[in-house]
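Based on the hints, put chain B in the right spot on chain A.
What follows is the residue order along each chain.
2 protein chains.
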Amino acid sequence: MGRMSDPVRPRPGRPVDHSARAARRQQIMEGARSCFHQHGFHAAGTAEIAAAAKVSVANLYQYFASKDELIIAIAEEDLRSDLALIAMIKSAGSIEDAMELAVDAITQEARDPSVSRLRLEVSTEATRNPGVAHVVLRAEQMQRAALVDWIRQSQARGEISADLDPETSAFALLCLIDGAFARVATGVLAPESAARELMRAIRAMFRI
Amino acid sequence: MGRMSDPVRPRPGRPVDHSARAARRQQIMEGARSCFHQHGFHAAGTAEIAAAAKVSVANLYQYFASKDELIIAIAEEDLRSDLALIAMIKSAGSIEDAMELAVDAITQEARDPSVSRLRLEVSTEATRNPGVAHVVLRAEQMQRAALVDWIRQSQARGEISADLDPETSAFALLCLIDGAFARVATGVLAPESAARELMRAIRAMFRI
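Sequence lines, in order, name chains A and B.
If you read the first sequence in our numbering, its first letter stands for residue 1, the second for the next number, and so on.
If you read the second sequence in our numbering, its first letter stands for residue 1, the second for the next number, and so on.
Because the hints were derived from the structure by calculation, they are not lab data.
Note that the Cβ used here is the ideal one computed from N, Cα and C, for glycine as well.
Please note that the accuracy of each hint is not assured.
To be verified - Partial selection, computed: residues in chain A whose CB lies under 8 Å from chain B: (1) Ala92; (2) Val136; (3) Ala182; (4) Ala185; (5) Met205.
Next up, chain A with everything else stripped away, as it sits in the complex (with noise of 0.2 Å):
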């Protein structure tokens, strides 16, 4: 597909097709995280980011105007994965399954580099780049708090315990859940192992 086809500014009377719109931003996204995993934010060029995504890099600049663009993009889509999971634990049946399906989700995420070493990549981006900060921070904040609320409701329905504190608790998942996904993407811990280690220590913490 050429430029013409796949206009930001589609000339007069012409619809704009959301639904390619989406899918080609995707696709460019999917060749960023493919070369940033490979050499790092730094290292990873336009040019090679446009190959890897099948795409000129014209049509990548249609997209995203920047590489910082690129990596607030990839930030974003992890924070809309973390607020997926989220909902899922809210809505399953008991705290068993909840603590299953978090595991699961998150050492499949783990296993894949081009997921775990570039939160690792966005988090050491975020010390010097106000626009991956700002992400960061948005994405600490509604994680911890729909975290509070699901310790919160499950309080209500004494699967935790009382008296542990959902603010504290909520901020030792996050740091829990962190810690694995690093100790994976650095190789110190097996994926398999980094889900023992956390299911055993979100046990320890919720006292169950």
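What follows is chain B alone, placed relative to chain A:
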């Protein structure tokens, strides 16, 4: 000081001044930390590092054969600092003293971006650099063994519930500390809030 006064291979009959060498090595590492912290591992060049350390590039290469060696030396320095902190925890009079010592030391380190930001950078680097990954793995194993030992001793003295599994608690403790560090480095939490959250999470975990 020129190259001749600071030789890697001393001329026959000339003793190596070990303390001068150690001081020079430290000076280069501090220059490297400052550059890496400002620009990241990949953007910082050897010439910049040498300038920040106030040594010649040739002198830098007498101590570190490559930027990788510098990164590994920084990771090893962090490991030594962590083990020193664990030794301090072990020799504290009570678990309350130990926690206060630990959280103070961690907060102080987290507040210094040339430490907290570089710790994230070291983790990210470990995902693609086997030399750094090796140090990160060794760090995890040594820290974990030392913490398991401390938890067992605290349990034997009745300060920590005997119900807690020492391995799981050591894993959780390391994840909590990493998580608090990362949140300060990325600007998600102020150092004081991170210290407060960390203290609460450790108390909840150890049920004290």
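To see whether the hints hold, each was checked on the structure:
Checking Ala92/A against chain B: minimum C-beta separation of about 23 Å lies over 8 Å; hint violated. For the restraint placing Val136/A at the interface with chain B, the shortest Cβ-Cβ distance is roughly 5 Å, inside the 8 Å limit, so the hint holds. Hint status for Ala182/A relative to chain B: holds, with the closest Cβ pair at about 6 Å, below 8 Å. A distance limit of 8 Å between C-beta atoms decides the matter here; for Ala185/A the minimum to chain B is near 5 Å, and the interface restraint holds.
Interface hint status for Met205/A: upheld, as the beta-carbon distance to the closest one in chain B is roughly 6 Å, under 8 Å.
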